[in-house]
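Visitor: Listed below are the residues making up each chain.
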Amino acid sequence: MRRSLRERRLLDELRRGLDETQPETGESELIPSAPSAPTISRRGVLGLTGGASLGLLALTAGQSVGGPLREIALLAPHGRDLGSGPNDFQVNKTARSVGITPAQTGAGWRLRLVGGASQLDLSRAQLLALPQQSYELPIACVEGWSTTQTWTGVRLRDLAALAGVESFDELLVESLQEGGSFRRATLSPGQVGDRRSLLALRVNGADLSADHGFPARIVVPALPGVHCTKWVNRLEFKGTRA
Amino acid sequence: MRLTRAYGAGPLHLLSHVAALALAAYAFTRIFAGGQPWNVVLWFAGAVLLHDAIAFPLYTALNRLALGRARRSVNHVRVPALLSGFAFVVYFPLILGLGDGRYESATTLSQDVYLGRWLLLCGAMFAVSALLYAVRARRAERSLGGAA
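Here the protein sequences line up with chains A and B, keeping their order.
Counting in the working numbering, the first sequence runs from 1 upward without gaps.
Counting in the working numbering, the second sequence runs from 1 upward without gaps.
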């Protein structure tokens, strides 16, 4: 095979159109003994393969790159224009599909914050009364799409301070959702410590919608979307040291 | 060399072959660690059957048919057909709406748009190809006319 490949120089072959395309010659048993006349040049085959790959890239990349490219992600599952409202961006798993009811996320909802021996229950109003920060951060889904939004909420490291935690091994995040592989996730101290890591309560100036994780969701820079847990109801700092 | 005579190729060939087999075996252990070995068998057997028994005879026959009718313009049909088929093979669950409600419950979106989009994409690619063919045919005619 190597001999066959070396027989022709790539650049010479790229200059040849269909009329000058010659069948393979030589001794190998892989070479057809009585080939039909060529109907496509070798550069044509190369171009077609490369072009098809590029075409598929163009049809897919837009749903992750965003901007005007999203318009050409015609067949990609999340390559859609969803409107211009504050909560009109891509959803992975609706509240209904994971069994979240309005009763669970209503006035009775509390965030349980556990750090060592101490335990604290916070209502949404109490969380909104804490210092709020806003950052523009992407949700980058492992399904192959992303979307960047402006999230507002409480810094995770402020919640650690509120729980009286100074150092810990990991933060366990739990969701109201009953099913699904991602009803809980753990974050490292480094991820919790970043100033942009939030327990988000609002997005683009509006309350989170039910499908985006109301009453509260995690948003952390460079964290896969599946670990940005939605409908959070419990945060536990594990391995705390005073 | 005795090895070359008995084995049929050089020692480097043998060594790289053994290395490749070991790598393949490792890949298999990783795949079967996923816990669904029958799925792997099913996909392999399905792919062989679908390609060799259905797809290969089908595209060979279509190609023969196209070649018999339009030898010079055949690539103007082949290229858009291949690209449309390529997009279909990758996205057919969305195009045919096979999500069974799961797509909608996961994304809040409907699957209705994809068949139309795919058909428009096919239409656009065949139209561009036809336009290119018309331009080429026109040019060929002109250069023939000039020579005469």
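Keep in mind that the hints were calculated from the coordinates and are not lab data.
Note that beta-carbon positions come from the ideal geometry of N, C-alpha and C, so glycine has one too.
Do not take every clue at face value.
Label-pair ranges, simulated between beta-carbon atoms [as the list claims (entries may be wrong)]: (1) His17/B to Gln133/A: 55 to 65 Å; (2) Ala70/B to Glu136/A: 24 to 34 Å; (3) Arg72/B to Gln22/A: 12 to 22 Å; (4) Ala34/A to Gly34/B: 11 to 21 Å; (5) Ala206/A to Arg138/B: 38 to 48 Å; (6) Gly85/B to Pro38/A: 29 to 39 Å; (7) Val90/B to Gln133/A: 48 to 58 Å; (8) His17/B to Gln22/A: 26 to 36 Å; (9) Glu136/A to Arg72/B: 53 to 63 Å; (10) Thr60/B to Ser33/A: 10 to 20 Å; (11) Val89/B to Pro38/A: 46 to 56 Å; (12) Ala27/B to Leu18/A: 17 to 27 Å.
Residues of chain B clear of chain A, computed beta-carbon distances all greater than 12 Å [said to hold, decoys possible]: (13) Gly34; (14) Val41; (15) Val74; (16) Gly99; (17) Tyr103; (18) Met125; (19) Phe126.
Calculated Cβ distances over 12 Å to all of chain A for the following chain B residues [stated by the list, open to error]: (20) Leu21; (21) Thr29; (22) Trp38; (23) Leu42; (24) Arg71; (25) Arg78; (26) Phe86; (27) Tyr91; (28) Pro93; (29) Leu94; (30) Gly101; (31) Ala106.
Visitor: Decide, hint by hint, whether the structure agrees.
Guide: Cross-check of the supplied hints:
{"no.": "1", "hint": "His17/B to Gln133/A: 55 to 65 Å", "result": "holds, 59 Å"}
{"no.": "2", "hint": "Ala70/B to Glu136/A: 24 to 34 Å", "result": "violated, 55 Å"}
{"no.": "3", "hint": "Arg72/B to Gln22/A: 12 to 22 Å", "result": "holds, 19 Å"}
{"no.": "4", "hint": "Ala34/A to Gly34/B: 11 to 21 Å", "result": "violated, 46 Å"}
{"no.": "5", "hint": "Ala206/A to Arg138/B: 38 to 48 Å", "result": "violated, 57 Å"}
{"no.": "6", "hint": "Gly85/B to Pro38/A: 29 to 39 Å", "result": "violated, 22 Å"}
{"no.": "7", "hint": "Val90/B to Gln133/A: 48 to 58 Å", "result": "violated, 41 Å"}
{"no.": "8", "hint": "His17/B to Gln22/A: 26 to 36 Å", "result": "holds, 32 Å"}
{"no.": "9", "hint": "Glu136/A to Arg72/B: 53 to 63 Å", "result": "holds, 55 Å"}
{"no.": "10", "hint": "Thr60/B to Ser33/A: 10 to 20 Å", "result": "holds, 19 Å"}
{"no.": "11", "hint": "Val89/B to Pro38/A: 46 to 56 Å", "result": "violated, 26 Å"}
{"no.": "12", "hint": "Ala27/B to Leu18/A: 17 to 27 Å", "result": "violated, 39 Å"}
{"no.": "13", "hint": "Gly34", "result": "holds, 14 Å"}
{"no.": "14", "hint": "Val41", "result": "holds, 25 Å"}
{"no.": "15", "hint": "Val74", "result": "violated, 6 Å"}
{"no.": "16", "hint": "Gly99", "result": "violated, 9 Å"}
{"no.": "17", "hint": "Tyr103", "result": "violated, 7 Å"}
{"no.": "18", "hint": "Met125", "result": "violated, 9 Å"}
{"no.": "19", "hint": "Phe126", "result": "holds, 14 Å"}
{"no.": "20", "hint": "Leu21", "result": "holds, 19 Å"}
{"no.": "21", "hint": "Thr29", "result": "holds, 23 Å"}
{"no.": "22", "hint": "Trp38", "result": "holds, 21 Å"}
{"no.": "23", "hint": "Leu42", "result": "holds, 23 Å"}
{"no.": "24", "hint": "Arg71", "result": "violated, 7 Å"}
{"no.": "25", "hint": "Arg78", "result": "violated, 8 Å"}
{"no.": "26", "hint": "Phe86", "result": "violated, 5 Å"}
{"no.": "27", "hint": "Tyr91", "result": "violated, 4 Å"}
{"no.": "28", "hint": "Pro93", "result": "violated, 9 Å"}
{"no.": "29", "hint": "Leu94", "result": "violated, 6 Å"}
{"no.": "30", "hint": "Gly101", "result": "violated, 10 Å"}
{"no.": "31", "hint": "Ala106", "result": "violated, 5 Å"}
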